[in-house]
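Asks: One-letter residues, chain by chain:
Number of protein chains: 2
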Amino acid sequence: MIILKASFDDGQPIFLQIAEMIEDDILNQTYEIDDQVMSTTAFAKTFQINPATAVKGINLLVEEGILFKRRGLGMFVAEGAVEKILKKRRDSFYSQYVQKMLNEAKKINLTTDDVIKLIKNEKRSE
Amino acid sequence: MIILKASFDDGQPIFLQIAEMIEDDILNQTYEIDDQVMSTTAFAKTFQINPATAVKGINLLVEEGILFKRRGLGMFVAEGAVEKILKKRRDSFYSQYVQKMLNEAKKINLTTDDVIKLIKNEKRSE
Chain A
0 MIILKASFDD GQPIFLQIAE MIEDDILNQT YEIDDQVMST TAFAKTFQIN
50 PATAVKGINL LVEEGILFKR RGLGMFVAEG AVEKILKKRR DSFYSQYVQK
100 MLNEAKKINL TTDDVIKLIK NEKRSE
Chain B
0 MIILKASFDD GQPIFLQIAE MIEDDILNQT YEIDDQVMST TAFAKTFQIN
50 PATAVKGINL LVEEGILFKR RGLGMFVAEG AVEKILKKRR DSFYSQYVQK
100 MLNEAKKINL TTDDVIKLIK NEKRSE
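For the protein sequence lines, the chains are A and B, in the order given.
In terms of numbering that gives the first Met the number 0, the first sequence is residues 0 to 125.
In terms of numbering that gives the first Met the number 0, the second sequence is residues 0 to 125.
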């Protein structure tokens with residue numbers, strides 16, 4: 000359990016983090032269309048998680064048409080996967096990141112302009 | 000367990016959310032200096048959590064000098080609590096909110112300007 004906590008962000012359930020990890024690798028072209036992704040067994044071993052959790056994360060992506068199963072072979076990246084991931088994550092970007100950040104800003108008395116200044120400072124230092 | 004998941008954000012450990020809830024109530028002046036906060040037993044009952052978890056959350060705030068204990072009476076809001084909370088949460092605001100948001104933006108090909116536009120739209124609709 001300690002290893003698990005060390006390798007994963009506390010931010011969300013492990014199976015969602017597994018799904019997101021695969022999505023990230025599709026977005027950054029580690030995996031391309033028709034590439035085979037790591038098996039659930041390999042996932043479970045590598046990250047020392049319950050195999051059922053790995054299965055749950057991968058099945059989520061199958062349901063969303065991001066991965067597909069080749070019987071007896073494993074899971075592969077579906078055509079249109081990048082577009083589907085981008086659409087899903089852009090749709091939730093506002094509520095998942097912007098809104099949460101602005102809520103916290105309000106609580107600690109930072110104005111929207113203060114927040115924008117912080118973001119622009121990051122931009123300059125890139 | 001289902002009730003617990005419904006009343007808490009999946010975002011972080013329950014004891015931290017307990018601590019944050021109390022901090023929020025201090026920031027928004029539900030609790031003022033020297034006010035008594037809900038007992039750990041009441042917390043545990045209200046949110047149907049393990050009393051040990053409530054104790055852990057409240058003890059964190061005692062360690063940070065935000066709450067203090069009056070023996071036999073309970074926990075109270077310490078002087079300087081607001082300033083301590085603001086300092087702590089402003090210090091972590093960048094890494095906890097801004098940085099995470101910008102990382103996700105990069106993954107889904109949103110520029111810093113796109114993000115700023117999203118934030119400004121929110122501002123207009125306030």
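The hints are simulated quantities; they were obtained by calculation from the structure and are not laboratory data.
Glycine included, C-beta positions come from ideal geometry on N, C-alpha and C.
It cannot be assumed that every hint is accurate.
[What the hints assert, rightly or not] Distance condition first, Cα-Cα at most 20 angstroms in a straight line; then the derived DMTMM-like pairs of lysine to aspartate or glutamate:
| no. | chain 1 | residue 1 | chain 2 | residue 2 |
| --- | --- | --- | --- | --- |
| 1 | B | LYS99 | A | GLU19 |
| 2 | B | LYS86 | B | GLU62 |
| 3 | B | LYS99 | A | GLU78 |
| 4 | A | LYS99 | B | GLU19 |
| 5 | A | LYS106 | B | ASP24 |
[Claimed, not checked] Here are the simulated distance ranges between beta carbons:
| no. | chain 1 | residue 1 | chain 2 | residue 2 | range |
| --- | --- | --- | --- | --- | --- |
| 6 | B | LYS119 | A | ASN58 | 35 to 41 angstroms |
| 7 | A | PRO50 | B | LYS105 | 30 to 36 angstroms |
| 8 | A | LYS116 | B | PRO12 | 56 to 62 angstroms |
| 9 | B | ILE32 | A | LEU15 | 53 to 59 angstroms |
| 10 | A | ASP112 | B | LYS105 | 46 to 52 angstroms |
| 11 | B | GLU62 | A | LYS87 | 28 to 34 angstroms |
| 12 | A | MET20 | B | ILE32 | 41 to 47 angstroms |
| 13 | B | GLN11 | A | TYR93 | 18 to 24 angstroms |
| 14 | B | GLN35 | A | ASN49 | 40 to 46 angstroms |
| 15 | B | ARG70 | A | GLU63 | 53 to 59 angstroms |
| 16 | B | LEU15 | A | ASP90 | 23 to 29 angstroms |
Asks: If a hint holds in the structure, say so; if it does not, say that too.
Replies: Now for the hints, and whether the structure bears them out:
1. LYS99(B) <-> GLU19(A): holds, 14 angstroms
2. LYS86(B) <-> GLU62(B): Cα-Cα ~15 angstroms, so holds.
3. LYS99(B) <-> GLU78(A): violated, 29 angstroms
4. LYS99(A) <-> GLU19(B): holds, 14 angstroms
5. LYS106(A) <-> ASP24(B): holds, 10 angstroms
6. LYS119(B) <-> ASN58(A): 35 to 41 angstroms: Holds - the Cβ-Cβ distance for LYS119(B) and ASN58(A), about 39 angstroms, lies within 35 to 41 angstroms.
7. PRO50(A) <-> LYS105(B): 30 to 36 angstroms: 32 angstroms Cβ-Cβ, so the 30 to 36 angstroms window holds.
8. LYS116(A) <-> PRO12(B): 56 to 62 angstroms: With Cβ atoms ~31 angstroms apart, the hint is violated.
9. ILE32(B) <-> LEU15(A): 53 to 59 angstroms: This hint is violated: roughly 41 angstroms between Cβ atoms.
10. ASP112(A) <-> LYS105(B): 46 to 52 angstroms: Distance hint for ASP112(A), LYS105(B) is violated at roughly 23 angstroms.
11. GLU62(B) <-> LYS87(A): 28 to 34 angstroms: At roughly 40 angstroms between Cβ atoms, LYS87(A) and GLU62(B) fall outside 28 to 34 angstroms, so the hint is violated.
12. MET20(A) <-> ILE32(B): 41 to 47 angstroms: Once the Cβ atoms are compared, 45 angstroms apart, the range 41 to 47 angstroms for ILE32(B) and MET20(A) holds.
13. GLN11(B) <-> TYR93(A): 18 to 24 angstroms: holds, 21 angstroms
14. GLN35(B) <-> ASN49(A): 40 to 46 angstroms: holds, 43 angstroms
15. ARG70(B) <-> GLU63(A): 53 to 59 angstroms: holds, 56 angstroms
16. LEU15(B) <-> ASP90(A): 23 to 29 angstroms: Holds - the Cβ-Cβ distance for LEU15(B) and ASP90(A), about 28 angstroms, lies within 23 to 29 angstroms.
Against the hints set out earlier in the document, violations occur for numbers 3, 8, 9, 10, 11.
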